[in-house]
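Colleague: First to last, the sequence lines map onto chains A and F. When you line the first sequence up against the working numbering, it's residues 25 to 138, in that order. When you line the second sequence up against the working numbering, it's residues 55 to 168, in that order.
Read the hints as simulated data drawn from the structure, not as lab findings. A few of these clues could be false.
Stated by the list, open to error - Straight-line Cα separation of at most 30 Å, DSSO-like style, residue types lysine-lysine; simulated pairs: (1) LYS81/A / LYS103/F; (2) LYS68/A / LYS38/A; (3) LYS123/F / LYS33/A; (4) LYS125/F / LYS103/F; (5) LYS103/F / LYS115/F; (6) LYS68/A / LYS103/F; (7) LYS125/F / LYS68/A; (8) LYS68/A / LYS33/A; (9) LYS68/A / LYS115/F; (10) LYS112/F / LYS68/A; (11) LYS81/A / LYS68/A; (12) LYS81/A / LYS38/A; (13) LYS123/F / LYS68/A; (14) LYS115/F / LYS125/F; (15) LYS33/A / LYS81/A; (16) LYS33/A / LYS115/F; (17) LYS112/F / LYS123/F; (18) LYS125/F / LYS112/F; (19) LYS103/F / LYS123/F.
Values in this document were obtained by computation on a predicted structure and should not be read as measured data.
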Amino acid sequence: NAGVTQTPKFRILKIGQSMTLQCAQDMNHNYMYWYRQDPGMGLKLIYYSVGAGITDKGEVPNGYNVSRSTTEDFPLRLELAAPSQTSVYFCASSSQTGGRYEQYFGPGTRLTVT
Amino acid sequence: AQSVSQHNHHVILSEAASLELGCNYSYGGTVNLFWYVQYPGQHLQLLLKYFSGDPLVKGIKGFEAEFIKSKFSFNLRKPSVQWSDTAEYFCAVNPFNTGNQFYFGTGTSLTVIP
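Turn these sequences into a full structure, and let the hints guide you.
Modeller: As structure tokens, this is what we get:
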């Protein structure tokens with residue numbers, strides 16, 4: 025049971041390039057999330073999904089897109105990278121039992137846009 | 055606006071000192087509460103959680119937290135810190151009426167001096 029996995033671990037992009045951050049979970053969780061973490065700012069929710077085929081915007085969705093074609097995978101797409109997207113990105117999934125949600129986090133992707 | 059506040063941004067303690075990190079939230083109604091720890095270069099790991107019942111919850115590594123509903127607080131405590139507790143600590147709130155939404159504080163950086 026690998027939990028939540030993310031690739032790549034590190035990436036440097038030039039301004040205007042695009043890339044996809046991969047996220048997968050093997051816990052059969054319906055709920056998945058993408059956060060970005062900036063120093064002193066905590067975690068900000070970018071997008072989330074409540075199940076395959078269903079996604080919704082979080083607090084900071086601009087410049088990003090997601091898809092959820094399967095329960096396991098939740099990739100995050102950056103179309104035109106900007107320096108403001110330099111951050112650490114965490115994917116998470118959550119279980120839900122009787123209204124009790126518990127999140128599990130991936131190891132993160134450190135992205136630098138120059 | 056609804057929020058999660060961690061008032062201590064950076065705490066420095068000597069080994070064996072006692073720790074208390076504050077967390078206050080502004081959501082009304084029923085909430086699920088969490089503390090996560092992030093060791094340098096690693097992902098967030100769950101320290102402890104509160105769903106219901108005894109407001110004093112115990113987590114891993116000797117940490118505990120107390121939910122005080124009247125104060126909208128969920129402070130984290132440890133009687134005697136160790137150098138290995140050096141990390142960033144995040145409080146998170148999952149308001150019951152939002153379903154799967156989690157809101158994070160900005161984090162507290164703890165440095166323990168040997």
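Colleague: All hints, please: hold or fail.
Modeller: Here is how each hint holds up against the structure:
For the hint pairing LYS81/A with LYS103/F, the CA-to-CA distance comes to about 26 Å; that is within 30 Å, so the pair holds. Distance hint between LYS68/A and LYS38/A is fulfilled; the C-alpha atoms sit about 23 Å from each other, no more than 30 Å. The suggested pairing of LYS123/F with LYS33/A is violated, with an alpha-carbon distance near 40 Å, which exceeds 30 Å. Distance restraint check for LYS125/F and LYS103/F: the Cα-Cα separation of roughly 18 Å lies within the 30 Å cut-off, and the hinted pair is therefore satisfied.
Distance hint between LYS103/F and LYS115/F is fulfilled; the C-alpha atoms sit about 14 Å from each other, no more than 30 Å. At roughly 20 Å between alpha-carbon atoms, LYS68/A and LYS103/F fall within 30 Å of each other, so this suggested pair holds. This hinted pair checks out: LYS125/F and LYS68/A have alpha carbons roughly 25 Å apart, not beyond 30 Å. In summary, the hint linking LYS68/A to LYS33/A is supported, as the alpha carbons are separated by about 19 Å, within the 30 Å threshold.
Between the alpha carbons of LYS68/A and LYS115/F the distance comes to roughly 27 Å, so the proposed pair stays at or under 30 Å and holds. Our distance criterion of 30 Å between C-alpha atoms is met by LYS112/F and LYS68/A, whose separation comes to about 27 Å. Among the hinted pairs, LYS81/A with LYS68/A is consistent with the structure: their alpha-carbon atoms are about 11 Å apart, no more than 30 Å. Between LYS81/A and LYS38/A the alpha-carbon distance is near 25 Å, which keeps this suggested pair within the 30 Å criterion.
With a CA separation close to 25 Å, the supplied pair LYS123/F and LYS68/A stays within the 30 Å bound. In summary, the hint linking LYS115/F to LYS125/F is supported, as the alpha carbons are separated by about 26 Å, within the 30 Å threshold. Restraint check for LYS33/A and LYS81/A: satisfied, since their Cα atoms lie roughly 24 Å apart, inside the 30 Å limit. Note on LYS33/A and LYS115/F: the hinted pairing holds, with a Cα-Cα distance of about 28 Å set against a maximum of 30 Å.
Of the supplied pair hints, the one linking LYS112/F and LYS123/F holds, its CA atoms being roughly 17 Å apart against a limit of 30 Å. Pair hint LYS125/F plus LYS112/F holds up; C-alpha atoms about 20 Å apart against a cutoff of 30 Å. Only pairs whose Cα atoms come within 30 Å are accepted, and LYS103/F paired with LYS123/F is accepted, the gap being roughly 15 Å.
Hint violations for this structure: number 3 only, all remaining hints satisfied.
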